Each structure stands twice: as C-alpha cells, then as structure tokens.
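Since the structure of chain A is already known, use the hints to place chain B on it.
Number of protein chains: 2
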Amino acid sequence: MRTGIATVCLSGTLKEKMQACAIAGFDGIEIFEQDLVTSPLSPEEVRQMAADLGLTLDLYQPFRDFDSVPEDLLAANLRRADAKFRLMSRLGMDTILVCSNVATATIDDDGLRAQQLAALAELAGDHGVKVAYEALAWGRYVNDYEHAHRLVEMVDHPSLGTCLDSFHILSRDWDTAPIEDINPEKIFFVQVADAPKLSMDVLSWSRHYRVFPGEGQFELAKFMGHVVRAGYTGPVSLEVFNDVFRQSDVERTAVDAMRSLIWLEEQSAKWLDANAAAASNGAGTATGAAGAKAAGRRRYPMELATLPQVAEPAGFNFAEVKAADTAALETVLRQLGFEFNGRHRTKDVQLWSMGHARVIINELAPDAASAAPAIAALGFDVDSPVIASARAQQLKAPAVPRKSQANEEVFQGFSAPDSTEIFLCQGNPDGTAAWTREFGEGLEVPSGARNAVIDHVNLAQPWQHFDEAVLFYTSALALEPQPYAEVASPTGLVRSQVMQTEDRAVRLVLNLAPLIQQDGARHKTYQEHIAFAVDDLVATARAARDRGLEFLQIPANYYEDLDARFGLEPAFLATLQELNLLYDRDAEGEFLHFYTATVGSVFFEMVERRGGYDGYGAPNAPVRHAVQYDHLHQLTNTITY
Amino acid sequence: MRTGIATVCLSGTLKEKMQACAIAGFDGIEIFEQDLVTSPLSPEEVRQMAADLGLTLDLYQPFRDFDSVPEDLLAANLRRADAKFRLMSRLGMDTILVCSNVATATIDDDGLRAQQLAALAELAGDHGVKVAYEALAWGRYVNDYEHAHRLVEMVDHPSLGTCLDSFHILSRDWDTAPIEDINPEKIFFVQVADAPKLSMDVLSWSRHYRVFPGEGQFELAKFMGHVVRAGYTGPVSLEVFNDVFRQSDVERTAVDAMRSLIWLEEQSAKWLDANAAAASNGAGTATGAAGAKAAGRRRYPMELATLPQVAEPAGFNFAEVKAADTAALETVLRQLGFEFNGRHRTKDVQLWSMGHARVIINELAPDAASAAPAIAALGFDVDSPVIASARAQQLKAPAVPRKSQANEEVFQGFSAPDSTEIFLCQGNPDGTAAWTREFGEGLEVPSGARNAVIDHVNLAQPWQHFDEAVLFYTSALALEPQPYAEVASPTGLVRSQVMQTEDRAVRLVLNLAPLIQQDGARHKTYQEHIAFAVDDLVATARAARDRGLEFLQIPANYYEDLDARFGLEPAFLATLQELNLLYDRDAEGEFLHFYTATVGSVFFEMVERRGGYDGYGAPNAPVRHAVQYDHLHQLTNTITY
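If you read the protein sequences in the order shown, they are chains A and B.
In this text, residue positions in the first sequence follow the numbering used here: the first is 955, and each later residue adds one.
In this text, residue positions in the second sequence follow the numbering used here: the first is 955, and each later residue adds one.
Looking at chain A on its own, in the form it has when it is part of the complex (with noise of 0.2 Å):
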C-alpha cells in the first residue's frame, strides 16, 4: 500500500512538513494549497526538496467551488484552473483534488454540471493533469460519492476520476459496499480520516474533530476493503484536520500517522480476510473465509503489507516506580501489605510483592532530574515478547532498551506517548516470573492477598498526545479502546479513556486532565494511580490501618449521599464510613475501594469486584479528586476562612 498524508494534518512551515514526512516514512504527500502559498519556496524548490527527499508530490489540493455556475463565474473558474494547471506542472504534479460546489453553486443540473467538468477535464487534458473530483458532505448539490461518480461517468473524460474520502463518505453514512462497483481505472484518488463519533454539524465535525486511523469510530477497514476489492492501488493518504495535531510537535505527528496507516494496511488485510467469502469483484476466488485463509492470503492488485501479529496480553507483569528518596514509597507498600523481596543483584532496585502483584521501585539518583515517587513503567505479559517487539517496533514505537548483566532476563521495552516505558515479559502460567529470581531466592507470598493482582493501572496523558496514545495501545499492545467518559474535579473535567483486553487481565485508564494541571499553574494536581485487587477489601482495609497506612479521607457528605441512593446496610455502611472506602453498585455487581495518601505524583488504590462489576468507580472519581485537590490546596494555600 502506497502511503501519502495532506501537509494540512501537521503543524509548522512546508519544508518542515516534508521533512517530517520523510522521516516518517511517507512514500508521498498531498500539497494543501495554503501551504505553498504561504511558503517562501518556488514550485521549482519544492520538486526538488520533494524528489531528494524521497517523496513523491500525490495530490495538489483543493480546487473549490467550481461546477454548478453561471456561465461568467465559469469563466473566471477555468481561468483560475488554469493558473493552478500551470503551477501544477512547474512543481512536476499530475493529479488535483476538485471538490463539488459549497459556495458559489446555483445551478442544481447534473447535465450542466457534467458539461462544466468536461471542459474543466479537458482544459486539464492540455496540462496533462488529472482532476479527482470529490462529493464533499457538505457539498451544496453533490454530497454522495456515487452521485459524484456519476458525473465522472457521465462525463467519461480521461483526465476526470473519482475521489473517496472516507470521511465524506463515512460521516453521513453512506454504503461502502458500492465502491466495488467503480471501474479501478476511474478512482483517482483515496484519501482516509477518521473520527470520534459526534452529532455535529458535518462541516465543524470535519475541520476540528477528524483523526487518524484507529483513534476514531469508522469502520475504516471496511471501507478500505471495498477500495482494494475495487482494484485501486494508487496512494492511500491521510486527510485529517484536526485542531490538536495542528498544534503539535511536527515529527512526532508525522510518525503518529504514519502509524495509523501502517495499522489501516493490517486492519484492511484482516477484514478482507475475514470478508472473503461476500467478495464481489477483485482477482481470486472466493472459497469462503475459511478455504481463503487455507489457501493463503487472497491476492487484490493493491500489495497489503502484513504484520507480526500478538494476541492481548495475559497481564501486567509489574509495574514500576521511581524516587530518589524511596522511604515514603516502601512504607506505604508495606503497610498494604506488601512484603519486600530484596534488591536486585546488579541493580540499584528493589522488588515488592502482594500476591501475584508485583512492583519494582527504582532507586534514583538523588541528584536525578525527576527526582519525585512517580510511575516510570509497565510489564505485560505476552505470548512472545520477540515477536510482540517486533510488531511494536514496525508500528514504530521507540525502542528502550534494557541494560542487563550475563544471565539476567533481557526486556524487550519501548517508549509510550506519554514516556512511561512499556515492557514486553514472558509470565510464567502460575501467575510467577522468572526474573524474580535475580532479586534473592525463597519470595514468599503473604498469605493474607495470595489472589492479589494488579487491577489496573492510571496514567495522565498530556493533551497533544491523547489521541496519539490510544492508537499507541491499540495497535502495539492488541488493547481495544472502550467510550470514554468526563468526570468532575475541582479544576476542570478530566477525560478517562479505558483500554482493556477483552478477559479484563489488563485494564489500562488514560486520563486527559485539565490544562490548568498540565501547565505549571497554581493547583498541579493531577496524579497518577496504581490499583491492586484482592478478595477482601474490608480485610485489606483493616489490616492497613492497623499498620498505620495514610488512606484519603473521605468526607462523612459521601457517606450520607451513598445511603440516599443506595439504601445500604447501616452496619456495612459503617465499615465502610470506619475504613474509608468507597463503594458502587450497577446491575452486574459491585465494587469496594480505597485509596493511598500521594507520595510524589502516585498514589495506590485498593479494589474487590464482586459479581460481574466491570468499572472503576467512575461516580466516586469527583469525591477522590476533590480530596486529593483539598488536601494539595491545604499544603500550599495560607488563607484562612
């Protein structure tokens, strides 16, 4: 698959588009109009820059308004054609992107219009320019890509063909199925976009809110596999207006989007496979999903590139974190419960166990720039971390390695979007690992928690990279985004987006906090969270405070409101009141939990599900931030009431 993305998705000036892009590893891009025309490059500079680059130049783009005029307002738009035609060759581009009328149509009249793109397609004749014409959603006459095709038949010019754009098309529902339908030789052009699904007007939807494949909800691996049964093999480029990777560091959005179509590609090949059998057109024959796969992959004349493929991980191998000064840590650990299995033996870190949940606190330098408790990584368990690495680095996630001495387990790590390092580990099917064994022998189990785990793990994500992480744990880690919600805090609503695997082993919460938390204001209080289930919360609760463990206080407020809606037991709303924990209830069961006092920017929770409860809280999150917000504020704030 030939990949290409509109300079329009990026920030920054063309050159440092191109750049980017070819970093990145585009084979191609699209010239948004305004970016040459803001570029102190000639034509001439940017043909040159594009072809010691690397890349080719796919699409000039976009010719607006132009069909369904008046004859004067015809004139003036083929005088304009031509000026583009002429500037088209100079940059050495063959194909421009026409979109249907929004501003200046008047004439509703398929026969006038296919008479206007005829002369339109034969005026590009001349040039040798191809003109890809494409139904915008918005479009005054022309919104339906079959409609638009249409006109292209009708007009049956060879330099006028079709463009899709799966957000015009997806955006207003239209059915995918009949792109098989159009002669291959007639599509010009494919441009992808996803997005998140809003009920919006289209055209605001479409210029703020479009990201990159696998961050939205379209079905884009169907719509990519009608394209391919179609037989159309010219570029697949990304088209996405979008206000926050306009603002964002450039390179770093180039290689988010190149990830998008590299996991686009994958996605697309796995839908064809599975969609083999209602196969309509393309080459092969169709002998059911089962006899295509039998058979080895299908062959379509567009070349899908394939990758390592992981399973969902079987679940957090470890979580770590890192301080200069670790007593507060190894205090709190220890009165959750945790028993300390030493040091490890070349390393200046320490393993903690609960169960089968395992920490590792990482001992600083104290002169270390990040000097405060924080996360700094996570362990899953995968079937291969080989192959799960390998996978990882295609979808070009940054590797970090992990130092290691003879005979130590070496980790196969990389960087997520939020610089928590993400490690790939073998677990063993008892729940143990291996690499234990380097911190001393005999780790006992306290028996109070042997069913411990880690429940989930909560990591803040800063608002540029939001998008890009949920693309990030969907294709390198095989976790699947769940529909996000917006809880209350003293300083702003704060986004939580859970990824999970489908049997809950993992259950990742990233969090968009508010920017006032990001941006170095007076309330910085966003935090980030480690959660341990266990069988008996009350237990757990008891045995904690009995070791002197700091829980969050909770307000006796809550306890009044919980008994309103839920009516509980007097004595177990007691217990908890006593132990401040929190509690949820929702038709599948229910849900005990405590937190830590913060050390540094982490703190831990405690949790026991019961029944089938699924979720994390969520109606207890704005009593756990007001807290934690209060009990920061008190810290720093002198006045008084």
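These are computed hints drawn from the structure, not numbers from a lab.
Please note that the accuracy of each hint is not assured.
The list makes no distinction among identical chains, and a pair is therefore deemed to hold if it is satisfied within one copy or across any two copies.
To be verified - SDA-like, lysine to any residue: derived pairs with alpha carbons at most 25 Å apart:
id: 1; residue 1: 969; residue 2: 1585
id: 2; residue 1: 969; residue 2: 1575
id: 3; residue 1: 1224; residue 2: 1138
id: 4; residue 1: 969; residue 2: 1573
id: 5; residue 1: 1151; residue 2: 1092
id: 6; residue 1: 1350; residue 2: 1416
id: 7; residue 1: 1151; residue 2: 1091
id: 8; residue 1: 1038; residue 2: 1084
id: 9; residue 1: 1151; residue 2: 1161
id: 10; residue 1: 1301; residue 2: 1278
id: 11; residue 1: 1038; residue 2: 1068
id: 12; residue 1: 1224; residue 2: 1288
id: 13; residue 1: 969; residue 2: 1572
id: 14; residue 1: 1038; residue 2: 1526
id: 15; residue 1: 1151; residue 2: 1056
id: 16; residue 1: 1084; residue 2: 1519
id: 17; residue 1: 1224; residue 2: 1253
id: 18; residue 1: 1224; residue 2: 1347
id: 19; residue 1: 969; residue 2: 1531
id: 20; residue 1: 1151; residue 2: 1094
id: 21; residue 1: 1038; residue 2: 1510
id: 22; residue 1: 1038; residue 2: 1320
id: 23; residue 1: 1038; residue 2: 1507
id: 24; residue 1: 1151; residue 2: 1265
id: 25; residue 1: 969; residue 2: 1534
id: 26; residue 1: 1176; residue 2: 1568
id: 27; residue 1: 1151; residue 2: 1163
What you are looking at is a predicted structure, and each value in this text was computed from that prediction instead of being measured.
Frame of chain A, contents of chain B only:
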C-alpha cells in the same frame, strides 16, 4: 434584582467557591450536590459559613430522574428525596431543583406524572421544602417549560412550582412570551445561562459550552423581560457549565459572572423600556415606549438597577507601547512616517504621531520584568471619561489610576482581562487631544498622511479569559462583538473575534492563539499589533521603503495565487509584489495592507480601505502567520535542509 450563582460554575472546593462568590458580591448561591458531597464541611458548617459570608443558600440542586417511573422506583425516589429534604433542613435551605426525568422515565402519562409530583410535593411540604420543577431540554418526556408548568398547575400544591432555565428554553427555541402568563407565585426559581449558537446535540452543548450572559448569542434580555413582566421577584441565578470556567481562577471567574448579571440587569431594563407598549402583564399602564420613557421607567415587582450610560467610543485616542530599549520602536515608527513630538515634561514617555494616529512610547527601566517591546495601553475617546469610568467600576473593572503631576490631564483607566490598560479620554472634535500639550508645543502633522488614524488594534487573549474579554469590552466599553473567524497558522487555528463600534471608529480584534503559543513551547510566535489607516497605501509604502523600513516579506507564491483568484492588472500586481503589499476584495470594496517586521511582541500594520470594505484581510492572515513563524523559527532553528 437578587443575584445568584450555582457552585458548579466555578473551580475549586465548596469553601473556595463560597468565598469567591461573597467577594464578587453575589446575594446568594445554588449548592450543586456534588460540591457538598465531596466537601469535608458538614451541612451545619456550610450553613454557618454562608451566614458569615452574607450569602443566602437559594437552591439545592439537582435532584434527578424522579418522575414518570413505575411504582417500585417511585418508592426508592421518594426515599432518596426524603434524605435530601432532611439534609436541606440541616443546611437551612428551602428550595430544591427537580429536573424532568432523563434516564429512568418509562411511562409517558401526564396524569401519572402529576400524581408522582404531588406525592413529592406532599413530602416536601412536610419538611418545609419547596420543589422547583424544571424541564430539561433533553428530558425524556418533559422538555418544554410550558409542559412542566402545566404539570405544576395540575398538581396545584403550595410546595410545587416551576424553575425556568434560559438555556433549556432558548436552546430549544421555545417561545418565551408565555412566561408572562405564569402566576409569579408559581415561579420558584430562575436560572440564566448564555451560549454560542452551535449545531450539536443539546446535552453536549449544555454541559460544555454554556457561557455567562453577554458572552453568547441567546436573547437573554428578552427572556428576562418576560420573567420580570410575569412579576417574578426571586433570585436570578447563573447556572453555567463551561469547560474553561471550571479550570480558571475561581475569584476571577466569580467576578466575570457577577459582571454578566449586572449587565443583564441593565439590558433587561432596556428591553422592558423598549417593549413597554407590548406589555400584557405586570404593574403599571402601557402607554407606548416613548410615553413610558417620558413618564419614567415602568415599575415592576422586581427592581432593576441601572448603570451610568455611555455611548460607544468615538475613536482611538492613542495606543501605548512599552520597552526598556525603545530604539527599535522609534526606528520603525519613523520609517512608517510618524513624527516624534517630544518627551513628556515629567514622565519617561515619548509621543509620536501621524495625522490623528498617536503612539506613546513608555520607556521602562532597563531592569523591568518584561522589558521587550509590547502593547501596554489603549486610549479611547468617550463623551464623559468620568461617567464611563463610573460605569466600568460598577461593572467591576479593576481601576488603574494614572499618576499625574499638577496641571496634567488625569486619565481614568482600568485593566482589561488580558491586562492591557484601557484609558478613557476626551478627544477634540478636530481629532486632536489636549494632553499632547504636555509633550511640548507645535506638533506638526506630516503632510503625507494628514488623515491617518488608528484603524484597529489586535490583542492576543489567554485561553482562560477569552469569553470574559468579550463581555468586558461589550459591557464596559460598548463595543459590539461580531461573529468570530478562525484562521490557519503554522502552529494551529487562531480564533479571531472582532469587537467594534457601529460607525467603525473603533475596531478591536481579540485573537485566541493556539495553546502551543501560550505555554512556553518551542514556538512562541503569537504577536500583537496596531494598524493605521491611510488614504494612499502605495505612497505610504514607497516612502517607508525609502526610509529603510523592514517589511514583512510576502512569498512570490502569494502573488501568483492572488492573480489566479482576482485576475489583477499586471502593473498593479507588480506594485503589490514590489512593495510586499497584501490585497483583498469583496462585494463592498478593496483592502490593501502591509506589515512591519516584529519588534519584541509587537508589529505594525498599514491599511487602506477602498469603497465599503469592512473586513481585515482575513484570507491573508495565514500568509502573515506563516511568514512571521518562519522568520522567528529561522532565528532559533539550526537544522538546515
């Protein structure tokens, strides 16, 4: 008018919110349930604190999902209500907001609903509580205030009344006139919120994008006019869910909120005056608007306070820039054609003028905190500086007294939300200003640009204070907000909001820069500017070039595109390109302009308006942003292609 605000509008803890509301001068507050539930303050402590702060506790809210449910759920809901009524008695509160059911309603039967609301009213009555029933815009069966009030009338219980919320009414475009037919005894509460007109689902719109009155596009004065005419005398309380306000400084947001109610009160009185003839209810006799005015303001049960009245400003009196090293500013002003008029006789400021455009250069101490050249202040010509200043102070604008010596003019001033200082001046009818005497005698106007004036000033706004700024200039300076535009820049979209007088003598452009330009990231390119209008831009540009002015360099590609779009005369196009002039044209006229290079964070623009052109060359803004970015970036970027 009694003023109120819901705690959900603000950031922080309940205690911080209450303190901020008291400081801002609110009469009372609504307690949002979650703010109480998450607070360590007991209900009794909240009650005492409110009393100490002089705040009434006007409304407990919200009680959700009560009506239209089956028997068993009704029993649970009544139990829940009973708990809340008991809580309210501890808080000393007597009114609760009950919203029409969204989530659990299953039975659409007004008879049953009335029966259930009657049961609730009966229970409330036992606790001395009044239930204010409100139709949510997205209520399952009840989403229209008239429907909600019919239910109140069916029940006919002293403890059940109506809550009117401007958002739920205006977002659905319900007619507001029938409000006047409601028995005022039965209007238990009134909530107000404004909003921009967005086409999105009403729930998301409501939960994220509400703004304070005067910051959106709803006809709130009319809504309030009907409420006043109905005879309502209770609190008028803000309930504004806004993602930005929830992240902003609580005391500042509370002042912004209070300003919006003061302004709404005035606008409501004006609407009532203007629509006196149409009044169908309330006290007094309708004798037509003129008659009502002649006879003094009509009286209604609710008293509406008035503000000192000001007309829109007649023009810019001056613009002030500041710098520690003023040499670069002096050079560019001289090159533009400004004349140095002398130094102030007692202060370290210089006066420069060109026609009626006056620029003050404020010479900062070399060790000033922000020593780089920047826009510091704007002076506006108003009829009466004293009245305008009194009005601004009543609108809670922070005063900035100007230090002055004997026999010198004293400017009344206040600080705008972005901390630009705004001064109120009295200009002479001939465009001169008396205070210039303080800079010496014999100010000569350069012959080349006798008619030069300040055309517009463009100020960058921090994201937290954009809406506040719109209301500020609307209410304190009588500028009219125009529909906003978004223009592309290399670091993201820039939101651009024009505020202007009807005669266009004052044009202020508020730009909301992309976040990346505000948070100290690598490209901090956002700049502010002052634009001057002249009669002959080409001559001005030639003269400036001869004086050595460094123009912002416009790429050749721009002129090619300009030609493709407009088909300009070759000689004219050549002149534009030769002088780095930008060009725009619309149905009303033409616009020519050029920019200087940037000095510190300020640059200058020269414009010529031909015919009725009323814009700012928005299609050219991306070129300006790109060239400025490229220029800044070249200074810091060592990577070369």
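Okay, the hints, checked on the actual structure:
{"no.": "1", "hint": "969 - 1585", "result": "between (49 Å within a copy, 13 Å between copies)"}
{"no.": "2", "hint": "969 - 1575", "result": "between (45 Å within a copy, 19 Å between copies)"}
{"no.": "3", "hint": "1224 - 1138", "result": "within (21 Å within a copy, 66 Å between copies)"}
{"no.": "4", "hint": "969 - 1573", "result": "between (48 Å within a copy, 22 Å between copies)"}
{"no.": "5", "hint": "1151 - 1092", "result": "both (17 Å within a copy, 19 Å between copies)"}
{"no.": "6", "hint": "1350 - 1416", "result": "within (20 Å within a copy, 36 Å between copies)"}
{"no.": "7", "hint": "1151 - 1091", "result": "both (15 Å within a copy, 21 Å between copies)"}
{"no.": "8", "hint": "1038 - 1084", "result": "within (12 Å within a copy, 70 Å between copies)"}
{"no.": "9", "hint": "1151 - 1161", "result": "both (14 Å within a copy, 17 Å between copies)"}
{"no.": "10", "hint": "1301 - 1278", "result": "within (14 Å within a copy, 54 Å between copies)"}
{"no.": "11", "hint": "1038 - 1068", "result": "within (21 Å within a copy, 68 Å between copies)"}
{"no.": "12", "hint": "1224 - 1288", "result": "neither (47 Å within a copy, 68 Å between copies)"}
{"no.": "13", "hint": "969 - 1572", "result": "between (46 Å within a copy, 24 Å between copies)"}
{"no.": "14", "hint": "1038 - 1526", "result": "between (75 Å within a copy, 21 Å between copies)"}
{"no.": "15", "hint": "1151 - 1056", "result": "both (23 Å within a copy, 21 Å between copies)"}
{"no.": "16", "hint": "1084 - 1519", "result": "between (65 Å within a copy, 21 Å between copies)"}
{"no.": "17", "hint": "1224 - 1253", "result": "within (13 Å within a copy, 74 Å between copies)"}
{"no.": "18", "hint": "1224 - 1347", "result": "within (20 Å within a copy, 67 Å between copies)"}
{"no.": "19", "hint": "969 - 1531", "result": "between (61 Å within a copy, 23 Å between copies)"}
{"no.": "20", "hint": "1151 - 1094", "result": "both (23 Å within a copy, 22 Å between copies)"}
{"no.": "21", "hint": "1038 - 1510", "result": "between (70 Å within a copy, 14 Å between copies)"}
{"no.": "22", "hint": "1038 - 1320", "result": "neither (62 Å within a copy, 52 Å between copies)"}
{"no.": "23", "hint": "1038 - 1507", "result": "between (67 Å within a copy, 23 Å between copies)"}
{"no.": "24", "hint": "1151 - 1265", "result": "neither (27 Å within a copy, 47 Å between copies)"}
{"no.": "25", "hint": "969 - 1534", "result": "between (57 Å within a copy, 22 Å between copies)"}
{"no.": "26", "hint": "1176 - 1568", "result": "neither (30 Å within a copy, 48 Å between copies)"}
{"no.": "27", "hint": "1151 - 1163", "result": "both (10 Å within a copy, 18 Å between copies)"}
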